[in-house]
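Undergrad: Letter by letter, the chains look like this.
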Amino acid sequence: MSEVLTSISNAIIQGKKDDIGELTQKALDEGQSAQDILYKGLMPGMDHVSDKFKAGDMFVPEVMRSARSMANSMKILKPLLIETGVAMIGKVLLGTVKGDLHDIGKNLVGMMCEGAGFEVKDLGISVEPEAFVEAVKEFEPDIVGMSALLTTTMRSMGDTIKALEEAGVRDRVKVMIGGAPVNQSFADKIGADAYAPDAAAASDVAKKLVKKS
Amino acid sequence: MRTNYRINSGVRFEMLSQDQLQELFDGVLHVLENIGLEVHHDEGRDILKNAGAWVDGKRVRIPQYLVKRSLEMAPRSFTIYARDGNPKHDIHIGPGRAHFGPGPTPPNFIDVETQERRPYVKDDARIVATVVDALPNIDFCESLGTISDVHPDLAASYEFAEMFPNTSKPIVAWSYGWDDSEDIHKIAVAEAGGQDAFERRPNYVHYCEPLSPLVSTFEAVDKLIFAARHRVPLIFTPCPLAGGTAPVTAAGIIIQAAAESWMGLVLAQAIQPGVPFFMGGVLSVMDMNAMILSYGAPELALMMAGATELAHFAGLPLWQTGGCTDSKVLDEQASLEGSISCFFSALTGGDLCHDVGYTESGITGSILQTVMMDEAIGYSRRITRGIEVNEDTLATDTIHNVGPNGHYLYEEHTHRYFKTEFWYPNLCDRHNFEEWEAAGKTKMRDRVIERTRDILSSHKPSAIKPATKKAIKEILEAAEARVKDKQ
Ligand code: B1M
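These protein sequence lines map, in sequence, to chains A and B. For the first sequence, this note's numbering gives the first residue as 1, with consecutive numbering after it. For the second sequence, this note's numbering gives the first residue as 1001, with consecutive numbering after it.
By construction, these hints were calculated from the structure, which means they are not laboratory data. None of these values were measured; they are calculated from a predicted model. Please note: incorrect hints may appear among the correct ones.
Unchecked claim - Straight-line Cα separation of at most 20 Å, EDC-like style, residue types lysine to aspartate or glutamate; simulated pairs: (1) B:K1486 - A:D159; (2) B:K1186 - B:E1474; (3) A:K189 - B:D1149; (4) B:K1465 - B:D1287; (5) A:K162 - B:E1474; (6) A:K52 - B:D1287; (7) B:K1484 - A:D159; (8) A:K54 - B:D1196; (9) B:K1486 - A:D198; (10) B:K1473 - B:D1123; (11) A:K207 - A:D36; (12) B:K1328 - A:D36; (13) B:K1469 - B:E1182; (14) B:K1486 - A:E130.
Claimed, not checked - Which residues of chain B face chain A? A few of them, derived with a C-beta cut under 8 Å, are: (15) S1148; (16) V1150; (17) P1152; (18) T1217; (19) G1244; (20) T1245; (21) M1288; (22) M1291; (23) W1436; (24) S1457.
All C-beta atoms in this analysis are idealised placements derived from N, C-alpha and C, irrespective of residue type, glycine included.
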C-alpha cells in the first residue's frame, strides 16, 4: 500500500484532526483517488480505532478525535466522490426526541457514526416530530436516529415515525432508535427499522442499515 | 473536672483545607457572576432580575453579593417531620448528621421474588416504602423506580400516593412538572392538616433537576417555583458527567455543579426567604470506554465528598449520593461499590445521601441492594460514632477489679456497655463453620432476600388518616381526568 495512505490511516488512529486535511490533499496531489483514500486510508484507520475501542484499549476522547479527523478528510473528499459517482457511506440525521433533554448518549452515537464515515447532522435535544420531518426533506438522510432516555418521551419516537409517514417520507429513510429505556421489542412495536443498545453498536447497525438499502 | 479539654466525638474527616474550599467557593461565584447560566423560564428570569440578577436574553448572571445573601437566607439546620408524629422518623438536618435513603425513577426493578430485572410497577412503590419504613438505617424514602403501569404522565403522582401510606419516614418526591407537583403536595398537606400546619412541620422534600452544563430548564424552574411558593424544602440537583457534560477534573465538576445548584438557591430564596434548600449534584465520571455514568466509581465518592465540604463551607446541607453500583446483580461488586460509598458518605456527614439501591448505573432499582446497604450503613455508623473517652470508658477501675489472669464477662462494666459499644450485624454471618453449615450455608444474598421477604410479610407501617385516604382517591381521580385525552 502507498505510503501516503498508510500515513492517513495512522493520522486517523492518532486523531490528528488538524493535519489530516493536508495529508488528504497530499494524497490527491500524488494521484490517489478519493475512493482509495476513503477505503484504503481512512476506513482501515477507523476500523482499527473501532476494534481498539471495543477491546477497551482506546477511550471516548481519543475516538472523538479520530472521528473528527475522518470528518475533516471527508469534507475534502465528498465533492470528488460525488463527482465520480462513488457511493457515499451515508447520512445520519440525529436528535433527542420531543420533551427529552438528555443528550450525551446521542452525542456519542453521532461521534461513532461520524467515525464510521457517515455525514452526521445533529438536531439537538427536544426535537419535535415536525422538525425531524423538515430535516429529512432538507438533509435527505439515509438514517434517522432518535434517542430517548425517558419512558414518557419514548412515546415521541412513535409520534415521529407517524409524522414521517404522514409527510410521505418514511420510505426514504431507515429509522434507528436507542436510549436507556428503549429496547428491541419497543422498536418493533413502533415500527422502527433498528435498535442499538450503545453508541458502538449504533454505528455498526447504521452500516448494516445502509447496506441493506 | 477537665479544663481546656477538647473532645472529638466521632471520626474526624476532612479532605479539603479552608484555603482550598475558599478557592472552590470563589470559583462558583466567578461562574455565576461572569459566565452565568441559561434560565429557560420567563417568570423565573423575571424573579431573578427583580432580585438583582443580570439578565441578558436567556443568560442570567448573578452578582456575588446576591449569592452570598441567598446563602445567608437558607437555613443550615431544620427538621423534616414524620407524617405520623413519630419522633424516631423525624430527620434533623444539621452539622454532623448523615441520613440515607433510596433514589428516584429508574425504569427497571429487581423483582423480590424472582430476582429478575423487569419494568417497575405500581406495587413496587408499596414494597419499597414498606421496607424503607422497617430498615433501621434508612431515614427517608424514594421509590427506586418509575411506575410503568399507569398513564406515563401520572407516574410521580401514583408513586407518592402509593408510598405515603406505607411509610412514615419523610419522602423525597420528584415530579415531571407543576400538575403532578400539586398532586403530591395536596396529599402531604391533607395529612399535615392544611398548608399552615405543613409549613410548620413539612413532611416531604421536593427534588428538581437542572441540566448540565449550565442550564436551568423550564421544568426544573417551574417545579422549584412550585415548591418555594408552598414552602416545601427543596433540592436543586444537576447530574453532571465528568468529561462529558462537565469538566473532567474533580475541582472543575464541583464548581460547575455548585453553580448550577445555586442558581436554584438564589431563585428559591427570592421567592420564599428561608425556604430549606439542599445543594445538589450527582457527580461522577463518564466511563470513557463503557460510555456510562458510573455509580460505582471511586470518583463518585470523592467528588461527592468535595461537594459536601463545599456545601457545608457555604452553610448549606447537601444531597449526597452513595450505596449505589454499576453491577447488574446482588453480588460482590454491588457490595464493594455500595459499601465504600456509604462509608465515605457517612464520614462526610452529607445530609441526605440518596441512591442507596441503584444498580446498573441507575437503570435498575433494587430494594435488595438497599437492604444490603442498610447493613453497610449500620456498620459505617458504628465507626463514625467513634470512641467515647471518659473516666468510665477508660475502665481503669474495672481493669483493677479484674487484675491479671481474670476475665471481664461478669463485670458490671461489661454489662453496662456491651450493647452500645458493639455493633451487631443483621446480615453478616459471624457463626462458626458448623453453625453456618447447619443453618443452610447461606450467602449474603440469600440472607438479604430472606430479610426483605420477612419485612414484607410482617412489617405494618403506621396508617394515614382516613381523610387523607379519601383525599388521595380524589386527587388521583382528578389527575386521571386531567390526562384522559392525552395518549
Ligand atoms: C439513534 O440510535 C441510538 C442508539 C443508541 C443510543 C441512542 C440512540 N441514544 C442513546 N443510546 C445508547 O448509546 C449511548 C452510549 O453508549 C447510551 O446513551 P445514554 O444516554 O444511556 O448514556 C450516556 C452516555 C450516559 N448516561 C446519561 O447521560 C444519562 C444518565 C442519567 C443519570 C441522567 C442524567 C445525566 C440526567 N437526567 Co435523567 N438521567 C437518567 C440517567 C440514568 C442512566 N444511568 O442512564 C435518567 C434517564 N433520567 C431519568 C429521569 C426520571 C429524569 N432525568 C431528568 C434530567 C436529567 C438531567 C438534566 C439532570 C441529566 C441530563 C443531562 C444531559 N446533558 O444529558 C429529568 C427529565 C428531563 C427531561 N425532560 O429530559 C427526569 C424526569 C428527572 C426529574 N424528575 O426531573 C430516569 C428515567 C426513568 C424513566 N423511567 O424514564 C433515569 C434512568 C435516571 C434514573 N435512574 O432514574 C445508550 O443509551
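Undergrad: All the hints need checking, so say for each whether the structure fits it.
TA: Going down the list of hints, with the structure as the test:
1. For the hint linking B:K1486 to A:D159, the alpha-carbon distance of about 13 Å falls within 20 Å, and the restraint holds.
2. Under the criterion of a C-alpha separation no larger than 20 Å, the hint pairing B:K1186 with B:E1474 is consistent with the structure, at around 10 Å.
3. As the CA atoms of A:K189 and B:D1149 are separated by approximately 17 Å, the hinted pair is consistent with the 20 Å bound.
4. This hinted pair does not check out: B:K1465 and B:D1287 have alpha carbons roughly 47 Å apart, beyond 20 Å.
5. Taking the CA atoms of A:K162 and B:E1474, the gap is about 36 Å. The hint is violated against a cut of 20 Å.
6. Proposed proximity of A:K52 and B:D1287 is supported: the alpha carbons are some 16 Å apart, at most 20 Å.
7. Taken as a hint, the B:K1484 and A:D159 pair is honoured in the structure, with Cα atoms around 18 Å apart against an allowance of 20 Å.
8. At most 20 Å may separate the alpha-carbon atoms for a hinted pair to count; A:K54 and B:D1196 exceed this at roughly 58 Å.
9. Of the pairs offered as hints, the one joining B:K1486 and A:D198 is violated, with about 31 Å between alpha carbons and a cut-off of 20 Å exceeded.
10. Restraint check for B:K1473 and B:D1123: the C-alpha separation of about 16 Å stays at or below 20 Å, so the hint holds.
11. For the given pair, A:K207 sits about 19 Å from A:D36 by alpha-carbon distance, which is consistent with the 20 Å threshold.
12. Of the supplied pair hints, the one linking B:K1328 and A:D36 is violated, its CA atoms being roughly 45 Å apart against a limit of 20 Å.
13. Pair hint B:K1469 plus B:E1182 holds up; C-alpha atoms about 17 Å apart against a cutoff of 20 Å.
14. Straight-line distance between C-alpha atoms of B:K1486 and A:E130 comes to about 19 Å, which keeps the hinted pair within the 20 Å bound.
15. The beta carbon of B:S1148 is positioned within 8 Å of a beta carbon in chain A (closest approach about 6 Å), and the interface hint is therefore held.
16. With a least beta-carbon distance of about 11 Å to chain A, the hint placing B:V1150 at the interface is violated under the 8 Å criterion.
17. Here the hint on B:P1152 is kept, as its CB sits about 5 Å from the closest CB of chain A, short of 8 Å.
18. The interface hint given for B:T1217 is met, as the beta carbon of that residue sits about 6 Å from the closest beta carbon of chain A, less than 8 Å.
19. Look at B:G1244: its Cβ gets to within about 5 Å of chain A, closer than 8 Å, so that hint holds up.
20. About 6 Å separates the beta-carbon of B:T1245 from the nearest beta-carbon of chain A, less than 8 Å, and the hint is met.
21. Interface restraint check for B:M1288: the shortest CB-CB distance to chain A comes to about 4 Å, inside 8 Å, so the restraint holds.
22. With a least beta-carbon distance of about 6 Å to chain A, the hint placing B:M1291 at the interface is held under the 8 Å criterion.
23. A distance limit of 8 Å between C-beta atoms decides the matter here; for B:W1436 the minimum to chain A is near 38 Å, and the interface restraint is violated.
24. About 30 Å separates the beta-carbon of B:S1457 from the nearest beta-carbon of chain A, more than 8 Å, and the hint is not met.
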